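**Student:** What follows is each chain in one-letter form.
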Amino acid sequence: MTTPLLRVEDLVVEFGPKSAPIRVLEKVNFEMMSGSSIGIVGESGSGKSMTSLAIMRLIPEPAGRVSGRIEFDGRNLLDLPKKEMPRIRGRDIAMIFQEPMSSLNPVMSIGDQIAEGIMLHESMPREKRREKAAELLRLVGMPDPMGRLDSFPHQFSGGMRQRVMIAMAIACNPRLLIADEPTTALDVTIQAQVLQLMKQVRKRLNSSILIISHDLGVIADIAEHVIVMYAGRVIETGDSRSIFRNPTHPYTRGLLDSVPRLKDDRKRLHQIPGSVPLAGMIRQGCPFYARCGLRMDKCQQQMPPMQSVNSTHNAACWVTAPPLDTPRLVVAGEMR
Amino acid sequence: MTALDHGAQQVVAPEPGKFEIVGKIFAGRPATVVAAFVIFAFILIAILAPVIAPYDALAQSFLRINHGPSWQHWLGTDQFGRDVLSRMIYGSRNSMIFGLLAPTLAAIVGTTLGVIAGYFGGIADRVISRVVDMLLAFPELLLAILIAAALGGGFWNIVVVLTVAFVPGFARVARAQTLSVKQEPYVESAIAVGVRTPTIIFRHIVPNIAAPIVVLMTLWTASAIRLEASLSFLGIGTQAPNPSWGNIIRDGLNNLFGSPWPIIGAGLAITCVVLSFNLFGDAVRDVLDPETNQ
Amino acid sequence: MVRYIAQRLLDAIPTIFLILTLVFVAMRILPGDPAIAALGDNALPEQIAEFRERMGLNVPLWQQYFNFLWGIFSLDLGRSLLSNTPVTQLIATYLPYTLELTLFAMILGVAGGIPLGVFAAVNRNKWPDNAIRGYNLIGYAIPDFYLGALLLIFFALNLGWFPIGGVGSGDIWSRIHAVFLPALTLAFVKTAFLGRLTRTSLLEVFGKDYIRTARAKGARENRVVYRHGLRNALLPISTGFGLSLLSTLSGSVAIELVFNRPGIGRMLISAIAERDYAVVQGGIIVFALFVVLINLLMDLVYVIIDPRIRVTK
Numbered sequence: 001m002t003t004p005l006l007r008v009e010d011l012v013v014e015f016g017p018k019s020a021p022i023r024v025l026e027k028v029n030f031e032m033m034s035g036s037s038i039g040i041v042g043e044s045g046s047g048k049s050m051t052s053l054a055i056m057r058l059i060p061e062p063a064g065r066v067s068g069r070i071e072f073d074g075r076n077l078l079d080l081p082k083k084e085m086p087r088i089r090g091r092d093i094a095m096i097f098q099e100p101m102s103s104l105n106p107v108m109s110i111g112d113q114i115a116e117g118i119m120l121h122e123s124m125p126r127e128k129r130r131e132k133a134a135e136l137l138r139l140v141g142m143p144d145p146m147g148r149l150d151s152f153p154h155q156f157s158g159g160m161r162q163r164v165m166i167a168m169a170i171a172c173n174p175r176l177l178i179a180d181e182p183t184t185a186l187d188v189t190i191q192a193q194v195l196q197l198m199k200q201v202r203k204r205l206n207s208s209i210l211i212i213s214h215d216l217g218v219i220a221d222i223a224e225h226v227i228v229m230y231a232g233r234v235i236e237t238g239d240s241r242s243i244f245r246n247p248t249h250p251y252t253r254g255l256l257d258s259v260p261r262l263k264d265d266r267k268r269l270h271q272i273p274g275s276v277p278l279a280g281m282i283r284q285g286c287p288f289y290a291r292c293g294l295r296m297d298k299c300q301q302q303m304p305p306m307q308s309v310n311s312t313h314n315a316a317c318w319v320t321a322p323p324l325d326t327p328r329l330v331v332a333g334e335m336r
Numbered sequence: 001m002t003a004l005d006h007g008a009q010q011v012v013a014p015e016p017g018k019f020e021i022v023g024k025i026f027a028g029r030p031a032t033v034v035a036a037f038v039i040f041a042f043i044l045i046a047i048l049a050p051v052i053a054p055y056d057a058l059a060q061s062f063l064r065i066n067h068g069p070s071w072q073h074w075l076g077t078d079q080f081g082r083d084v085l086s087r088m089i090y091g092s093r094n095s096m097i098f099g100l101l102a103p104t105l106a107a108i109v110g111t112t113l114g115v116i117a118g119y120f121g122g123i124a125d126r127v128i129s130r131v132v133d134m135l136l137a138f139p140e141l142l143l144a145i146l147i148a149a150a151l152g153g154g155f156w157n158i159v160v161v162l163t164v165a166f167v168p169g170f171a172r173v174a175r176a177q178t179l180s181v182k183q184e185p186y187v188e189s190a191i192a193v194g195v196r197t198p199t200i201i202f203r204h205i206v207p208n209i210a211a212p213i214v215v216l217m218t219l220w221t222a223s224a225i226r227l228e229a230s231l232s233f234l235g236i237g238t239q240a241p242n243p244s245w246g247n248i249i250r251d252g253l254n255n256l257f258g259s260p261w262p263i264i265g266a267g268l269a270i271t272c273v274v275l276s277f278n279l280f281g282d283a284v285r286d287v288l289d290p291e292t293n294q
Numbered sequence: 001m002v003r004y005i006a007q008r009l010l011d012a013i014p015t016i017f018l019i020l021t022l023v024f025v026a027m028r029i030l031p032g033d034p035a036i037a038a039l040g041d042n043a044l045p046e047q048i049a050e051f052r053e054r055m056g057l058n059v060p061l062w063q064q065y066f067n068f069l070w071g072i073f074s075l076d077l078g079r080s081l082l083s084n085t086p087v088t089q090l091i092a093t094y095l096p097y098t099l100e101l102t103l104f105a106m107i108l109g110v111a112g113g114i115p116l117g118v119f120a121a122v123n124r125n126k127w128p129d130n131a132i133r134g135y136n137l138i139g140y141a142i143p144d145f146y147l148g149a150l151l152l153i154f155f156a157l158n159l160g161w162f163p164i165g166g167v168g169s170g171d172i173w174s175r176i177h178a179v180f181l182p183a184l185t186l187a188f189v190k191t192a193f194l195g196r197l198t199r200t201s202l203l204e205v206f207g208k209d210y211i212r213t214a215r216a217k218g219a220r221e222n223r224v225v226y227r228h229g230l231r232n233a234l235l236p237i238s239t240g241f242g243l244s245l246l247s248t249l250s251g252s253v254a255i256e257l258v259f260n261r262p263g264i265g266r267m268l269i270s271a272i273a274e275r276d277y278a279v280v281q282g283g284i285i286v287f288a289l290f291v292v293l294i295n296l297l298m299d300l301v302y303v304i305i306d307p308r309i310r311v312t313k
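As given, the protein sequences belong to chains G, Y and E, one line each in that order.
Here the first sequence stands for residues 1 to 336, where the numbers follow the UniProt record's numbering.
Here the second sequence stands for residues 1 to 294, where the numbers follow the UniProt record's numbering.
Here the third sequence stands for residues 1 to 313, where the numbers follow the UniProt record's numbering.
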């Protein structure tokens, strides 16, 4: 068995005073093989963006404290001296952000912004960098790439800016591409185009992709594996087919049920009551307890461990995925 | 009508008590407490000047020209043999009077103009805004110098100069605040049910724009004191032989080889008072108008 | 971009007219009879009549206003009552000294303030930040003429490192030697102001998404701070630069007095003392036009540093 490209182990992120820390990530674990695509799904505040920032070590210090292990290609990124990170960012791991409107530097031409990434990691003469920037723009479907190198971000639409972001991210053929809600801020038709583009790019560069979204449609479209996060914890992971066919955690079920196209008779769960608890509010037990329709007393006291549902699929729920030695409760309404 | 009026009043958030505000200004800010103490001390000195000043501030004597500090004359004497400390004590009256008077007058005039412009709009707004915008392009000091150049010195002229220098700032803030308050539901409903305009302005608009105006008043007290000192230093403010911290420094500069003490003493006084008013103003702003804090 | 510039230039014209009108009103109407203001209460009737004739005060007000405007556009601001020199010539003589002082002070202020602000922002809430905050409080409180006097007493009078006032002789080093202390005085306050502004603007920019993007690209801290941070913070900083240029100009009046330097400010102040009506008016107009000019200049600077204005779709 080869080593995974990325292995996140017991990742914890805390903010606030050390005496009363607010934990926004609580022991997140997952791994990712080279060439695979993983989607992290969850509502806002579930810690999915925090996970991606932690991997990039972009959580501002010393306000945020990160512990655990983030192994990239066998090296623990958290052990690296701070000065080493810029060498990895953009070259080995690149990131696409949510807001194409504000994520590009408004006073720098897009050609310069793309070329900057190349300049930082590869020695290449200026003219060559420009050519490569134009080449990248063409790759992401920008019309007249050579002519638009000197344009500024405000001259582009949201979708085009996101294409620029993608061009910037893939400039150095990163082995891992993290896309944090890459389509959320875009119109629906543009969303589809950008997703299509990301799939093409991924195929072409053969890089792994970690996509973060609250939109199950996006995840289903692009990811082979899914991680469901809730209140800073991973509550279900698995092969995306298995998760979409057989969602096990009540929260995942709720998420799937709230997608309009999935129609069934249980109107009750169309909307998950309540809202995601504030980071760090959960001290013990299952974080979903307060909103769960299937809760039992045990859930309030003990956080359920990850249990396998099938060979590629795990969930953390006392009710729907109890430890194998206890009799499994048959829950009505398994999807389909 | 009365009932509606009453209902409209309730939309306004309850005002915190006066003591509560004062408490907040000082709570956890030792610097503010010291600043308030310094301000209080200088006000006391200004009021009690005739009692505490050891000498007559205007009395000249050829027998004691340019003395250094001594037990008789703590800050020495100037080139006319006048006691520098006494001149400074009397000079504090100028600073305090102008420092408190000018922002108050400017607030009254500026707020009136700003509310008129903001509430009525139209041609009044256009004229007022245009002139205010133009005057705001001038630094206060330059505006004051230019007006004083045209008007000349003297007590009332200084009052006019300092007031005019600050009016545009108050007018702009008052106008902007009025515009936003005017769109609040309680004002719109009051207008809709036909409450008389003066009632709306004095019961709904003015109380709701008061906080930022008061903040500006405290902040600009320091500026007014500095301005008066600058004008007097330039010879277009308080006229000799009447003492002002500014013209004490002016006299001192003409007597550089005689004694540096008038300059050092008077300048220190200006710096202390301005610093104290600035600190105090910052504290008032943080409490009354936290949004504008950077 | 052309439209923007044209718009700014057009906007400046009514402002200039408005300012000139206010100057006219202030000079002719407010202080009563300018003849008495200039000659004093004891002037003889013949003197007053002669003065009125010379100053063109015998014609109706509207005609005076027209003459006033025409005089300005034909660069004729009348003659000094004292020396009979044309006011424009006086201005041409004194303006270079004021500009020299102002520019030198601005260079020092920018060279001090911006690095200081960057230093404070990068070390937010640590000791350098607090030290700079303290410096700011002092910088805002200390009157520049007082600071100038202290520097003069200490460095020029006691230590003798600098000349006591004046502008030096013809050669450049002597001029710089003479302008250094006055410029330093003005720069002290500018440094505090620009430093604080730079700090605030930079901290705001540091919170922006594109800064995170720059880090995600692999840019090192220096590059993030200067190439991405400061470059974007330049927009608010340039506004502050305009403001502090104006306040340096107004501060120069007092500083010229302290260091006994010739200049427009001193010209104005002594004209007031000598009741030299025409020179006072000329000085006021020069300062007022400077205000318009500097504001206009700042609008044009935006064109250079903000592509959102420079390049439209």
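A few of these clues could be false.
[As the list claims (entries may be wrong)] Taking lysine-lysine and the DSBU-like style, the derived pairs with C-alpha atoms no more than 35 Å apart in a straight line are:
#1 E/Lys126 with G/Lys132
#2 G/Lys82 with G/Lys199
#3 G/Lys27 with G/Lys203
#4 Y/Lys182 with E/Lys126
#5 E/Lys126 with G/Lys82
#6 Y/Lys182 with Y/Lys24
#7 E/Lys208 with G/Lys298
#8 E/Lys208 with G/Lys18
#9 G/Lys18 with Y/Lys24
#10 G/Lys128 with E/Lys126
#11 G/Lys132 with G/Lys18
#12 E/Lys126 with Y/Lys24
#13 Y/Lys182 with E/Lys208
#14 G/Lys18 with E/Lys126
#15 E/Lys208 with G/Lys203
#16 G/Lys203 with G/Lys18
#17 G/Lys27 with E/Lys208
#18 E/Lys208 with G/Lys128
#19 G/Lys203 with E/Lys126
#20 G/Lys199 with E/Lys208
Hints in this document: simulated from the structure, not taken from any laboratory.
Since we're looking at a predicted model, the values are computed, not measured.
**Student:** All hints are to be evaluated individually against the structure, with a verdict given for each.
**Tutor:** How the hints compare with the structure:
no. : hint                   : verdict
1   : E/Lys126 with G/Lys132 : violated (42 Å)
2   : G/Lys82 with G/Lys199  : holds (32 Å)
3   : G/Lys27 with G/Lys203  : holds (32 Å)
4   : Y/Lys182 with E/Lys126 : violated (43 Å)
5   : E/Lys126 with G/Lys82  : holds (20 Å)
6   : Y/Lys182 with Y/Lys24  : holds (29 Å)
7   : E/Lys208 with G/Lys298 : violated (44 Å)
8   : E/Lys208 with G/Lys18  : holds (27 Å)
9   : G/Lys18 with Y/Lys24   : holds (28 Å)
10  : G/Lys128 with E/Lys126 : violated (43 Å)
11  : G/Lys132 with G/Lys18  : violated (47 Å)
12  : E/Lys126 with Y/Lys24  : holds (26 Å)
13  : Y/Lys182 with E/Lys208 : holds (33 Å)
14  : G/Lys18 with E/Lys126  : holds (19 Å)
15  : E/Lys208 with G/Lys203 : holds (32 Å)
16  : G/Lys203 with G/Lys18  : violated (44 Å)
17  : G/Lys27 with E/Lys208  : holds (29 Å)
18  : E/Lys208 with G/Lys128 : holds (30 Å)
19  : G/Lys203 with E/Lys126 : violated (48 Å)
20  : G/Lys199 with E/Lys208 : holds (28 Å)
Comparing the model with each numbered hint stated earlier shows that hints 1, 4, 7, 10, 11, 16 and 19 do not hold.
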